[in-house]
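With the hints as extra help, turn the sequences into a complete structure.
2 protein chains.
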Amino acid sequence: MQRRGIPLGFKCVPASEVKLEKMEETGAEGIRVRWLIKKEDGAPNFAMRLFELQPNGRSPLHSHSWEHEVYILKGNCKVVCEGQEKKATAGYVVFIPPNLKHQFANAGKSTLKFLCLVPHHR
Amino acid sequence: MQRRGIPLGFKCVPASEVKLEKMEETGAEGIRVRWLIKKEDGAPNFAMRLFELQPNGRSPLHSHSWEHEVYILKGNCKVVCEGQEKKATAGYVVFIPPNLKHQFANAGKSTLKFLCLVPHHR
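Line order of the protein sequences matches chains A and B.
Just so we're aligned: 8 in this note's numbering is position 8 of the first sequence, and the numbers increase by one with no gaps anywhere.
This note's numbering runs 1000 ahead of the 1-based position in the second sequence.
Worth flagging that the hints you see were computed from the coordinates, not collected in a lab.
Errors might be hidden in some of the hints.
[Stated by the list, open to error] With a Cα cut of at most 20 Å, we get these calculated EDC-like pairs of lysine to aspartate or glutamate:
1) B:K1086 <-> A:D41
2) B:K1074 <-> B:E1021
3) B:K1039 <-> B:E1029
4) B:K1113 <-> B:E1085
5) B:K1101 <-> A:D41
6) A:K86 <-> B:E1017
7) B:K1086 <-> A:E52
8) A:K87 <-> B:E1017
Structure follows, in structure tokens:
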């Protein structure tokens, strides 16, 4: 793949320069996301997103056919998976296998930030 | 996939609990790695690793058929890709496309830590 004759594409930028978008999905509250590395960057297999949840923010309680690979950067997270509930703080790693019902919620008073990687599925 | 009758497997642990292994590859200096999420965890597509480079540590200058999706957690990194050289600090995102010659080096005086995700390739 080429972009103006330059191969797509070594990328090295501060995450803060990547657009911060509101997550509009049903059941999502107080969540914004930066798609740090995506298909359009030339990524052949999976995408890296950075989520920011405000206090009381949460993702939908849902399941889907793809997995999540998560790393908590900042804040306090409540992770729910198939009825199990765990706390995760900065430096925690979370793996949600495909097809399990899961939710991420901000369990603290400051912004929660985590990376969440998914295989391309759309 | 099952492990003793329990579906593989929701995981939520501090990264520090995952084994820290020396990287023995030719050209690697002062690098250790934690395989945070891997095939054996049930991850169907890609693996999450956390690298720790001591001052003067570096990865091999090499290329391969798979991509790297990287997020810098701590420290100062020099990233080389096809002769281009960039600096990256905490909060930087780096994408190395497949088949480009690349290297990560600690450009600071403290430990450099970054996540590096790769599709399963072994």
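Going down the list of hints, with the structure as the test:
1. Under the criterion of a C-alpha separation no larger than 20 Å, the hint pairing K1086 (chain B) with D41 (chain A) is consistent with the structure, at around 18 Å.
2. Taken as a hint, the K1074 (chain B) and E1021 (chain B) pair is honoured in the structure, with Cα atoms around 19 Å apart against an allowance of 20 Å.
3. For the hint linking K1039 (chain B) to E1029 (chain B), the alpha-carbon distance of about 26 Å lies beyond 20 Å, and the restraint is violated.
4. Between K1113 (chain B) and E1085 (chain B), the direct Cα distance comes to roughly 18 Å. Compliance with the 20 Å bound is thereby established for this hinted pair.
5. With a C-alpha separation of about 18 Å, the suggested pair K1101 (chain B) and D41 (chain A) falls inside the 20 Å cut-off, and the hint holds.
6. About 16 Å separates the Cα atoms of K86 (chain A) and E1017 (chain B), which keeps this hinted pair within 20 Å; it holds.
7. Of the pairs offered as hints, the one joining K1086 (chain B) and E52 (chain A) is violated, with about 27 Å between alpha carbons and a cut-off of 20 Å exceeded.
8. For the hint pairing K87 (chain A) with E1017 (chain B), the CA-to-CA distance comes to about 15 Å; that is within 20 Å, so the pair holds.
The structure fails to meet hints 3 and 7 from the earlier list, while all remaining hints are met.
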